[in-house]
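Asker: The lines below spell out each chain.
2 protein chains.
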Amino acid sequence: MPKIVECVPNFSEGRDLNKIEKIVDNFRAKEGVKLLDYSTDQDHNRMVVTVVGEPEALKKAVIAAIGTATELIDLNTHQGQHPRMGATDVVPFIPIKDVTMEEAVQMAKDVAKEVADRYGIPMFLYEKAASAPYRENLAVIRKGEYEGLKEKMTQAEWHADFGPAQPHPTAGGTVIGARMPLVAYNINLNTNRMDVADAIAKKIRHIGGGLRFCKAMGVELTDRGIVQVSMNLTDYTKTAIYRAHELTRIEAQRYGVTIAGSEIVGLVPMQALVDTAEYYLGIENFSTKQILETHLME
Amino acid sequence: MPKIVECVPNFSEGRDLNKIEKIVDNFRAKEGVKLLDYSTDQDHNRMVVTVVGEPEALKKAVIAAIGTATELIDLNTHQGQHPRMGATDVVPFIPIKDVTMEEAVQMAKDVAKEVADRYGIPMFLYEKAASAPYRENLAVIRKGEYEGLKEKMTQAEWHADFGPAQPHPTAGGTVIGARMPLVAYNINLNTNRMDVADAIAKKIRHIGGGLRFCKAMGVELTDRGIVQVSMNLTDYTKTAIYRAHELTRIEAQRYGVTIAGSEIVGLVPMQALVDTAEYYLGIENFSTKQILETHLME
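Heads up: the sequence lines are chains A and B, in that order.
If you read the first sequence in numbering that gives the first Met the number 0, its first letter stands for residue 0, the second for the next number, and so on.
If you read the second sequence in numbering that gives the first Met the number 0, its first letter stands for residue 0, the second for the next number, and so on.
If you are wondering where the hints come from, they were derived from the structure by calculation, not from laboratory data.
Every residue, glycine too, gets a C-beta built ideally from N, C-alpha and C.
Watch out, some of these pointers could steer you wrong.
Stated by the list, open to error - Per label pair, the in silico range of CB-to-CB distance:
#1 A:T221 to B:D222: 49 to 59 Å
#2 A:T99 to B:Q78: 45 to 55 Å
#3 A:T99 to B:D36: 24 to 34 Å
As the list claims (entries may be wrong) - Here are some chain A residues pointing at chain B (derived, C-beta under 8 Å):
#4 G31
#5 K33
#6 Q252
#7 V256
#8 S261
#9 E262
#10 G265
#11 V273
#12 A276
#13 Y279
#14 N284
#15 Q289
Could you build all of it, start to finish, from the sequences and the hints given here?
Answerer: Written as structure tokens, this is what we have:
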């Protein structure tokens with residue numbers, strides 16, 4: 000079975016179709032690499048690419064795409080609503096199949112070193128690849144954005160992990176690392192009371208004393224006249240979808256509120272759904288090798 | 000995305016390793032064909048092969064394997080506990096991915112015609128490929144086995160669908176067709192009362208007035224001191240796993256019995272587990288395209 004890693008690089012270009020296609024072309028028609036999606040946002044002036052592949056092929060394609068972005072994007076003239084500090088802004092590697100987090104971290108380091116050497120871009124390791132706990136959080140690293148990066152990098156604690164001591168003159172700096180796949184899971188409530196959605200969100204999320212790998216907030220669905228608990232599950236192997244679901248149900252009970260339904264936004268690893276089926280059916284000794292389709296991926 | 004079909008041919012040889020390997024070799028190292036499993040039973044003197052593949056490649060491999068079985072197996076000297084009427088006894092095609100039942104039926108007919116022409120074996124279409132309702136059931140077609148086939152084929156209603164008017168002199172006749180994938184699902188009960196397992200099985204299964212695509216019986220798990228409702232779900236797209244589970248739970252309630260756990264035996268299509276997760280979480284508007292792994296199969 001081939002090892003499969005996902006990468007979701009964010010590039011600071013969401014308007015110029017010509018540039019967008021040139022960057023994305025690095026992920027097309029490459030052996031061992033499969034482009035799943037790319038979405039652009041004109042207001043953010045930013046593009047998010049989703050690609051999966053075998054480790055070596057994926058690293059090569061990502062390095063090439065960063066090269067193209069470095070050529071085409073000039074942060075000195077870039078404007079957009081989304082915070083950014085580099086032409087290639089952030090590059091997470093995500094272990095998907097037969098790959099450990101350690102291997103994904105090593106991929107991030109390999110790419111960081113090569114990009115620093117080849118293009119002269121300072122590279123900042125984050126999340127599971129971070130070189131110190133204070134460098135784990137993307138928002139903290141990126142604070143000050145491109146415009147503040149030159150000054151920030153003069154501080155000892157904000158030296159890059161790889162590459163030069165100052166930003167690339169047009170491409171800035173890039174944050175790169177490894178993380179678990181995110182599951183975006185929203186639960187709709189049979190009520191229009193935002194205070195209920197907010198209260199539940201605060202109780203089930205990590206910072207409020209809730210589940211370790213759960214971020215949550217209340218959201219109003221005005222067209223349906225109901226509210227939603229909107230969640231990001233940042234490690235579904237430890238904070239399972241069903242646990243977030245059942246905990247939300249239990250917290251909603253005290254308000255006399257029931258669950259109207261739920262949604263999974265975007266991609267979800269098969270294992271997250273299998274874990275859910277296993278829990279509710281009480282399946283004993285199940286192996287994903289029993290899923291017929293896993294054999295089709297070999 | 001390639002179309003994927005499963006085939007589970009049963010051959011009347013479960014003892015001679017040399018012959019077994021020669022038959023199975025037809026499914027090895029073939030482009031577009033993947034051998035998932037083969038299991039032999041000495042008492043039954045029979046082998047069940049599980050293989051998946053793209054339609055054209057799979058048809059070719061199955062035709063070749065039937066050719067090898069025809070050469071190597073002589074039903075005149077075959078003995079075993081399992082009923083059988085041919086060297087290649089039964090060949091079901093099962094639509095798995097981006098394939099309709101109609102296409103699987105057509106594959107069965109294509110292979111039947113080719114095998115009849117090439118090897119002179121009378122071919123009987125069954126299940127979804129049957130040429131008449133009375134020919135749907137395997138057990139009915141096979142009744143009388145190899146030894147009774149010559150006489151049976153003289154009756155107008157038991158003429159073959161393809162091939163000669165009498166059995167092949169050594170390979171007999173073959174039953175071939177198309178069906179949905181089976182899901183073997185067992186629910187363990189927190190009781191040692193066989194009468195409870197039997198009563199529940201009778202209520203939830205089709206013949207007892209229960210679910211349309213559910214076969215069920217009570218089974219004793221002597222080493223655990225509990226009983227089990229053992230099920231075959233013959234069309235999980237219409238009789239979902241969760242429905243059989245919840246109905247079993249409801250029927251068990253009247254005896255004060257709870258579900259101890261469950262098990263899925265052998266292979267299960269991913270969609271059957273996704274349906275389960277969707278039901279229990281109440282997921283709205285989910286598409287299997289959201290499952291990351293489905294993109295890895297393309």
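Asker: Against which earlier hints does the structure fall short, listed by number upward?
Answerer: Result: hints 4, 6, 7 break, sorted rising.
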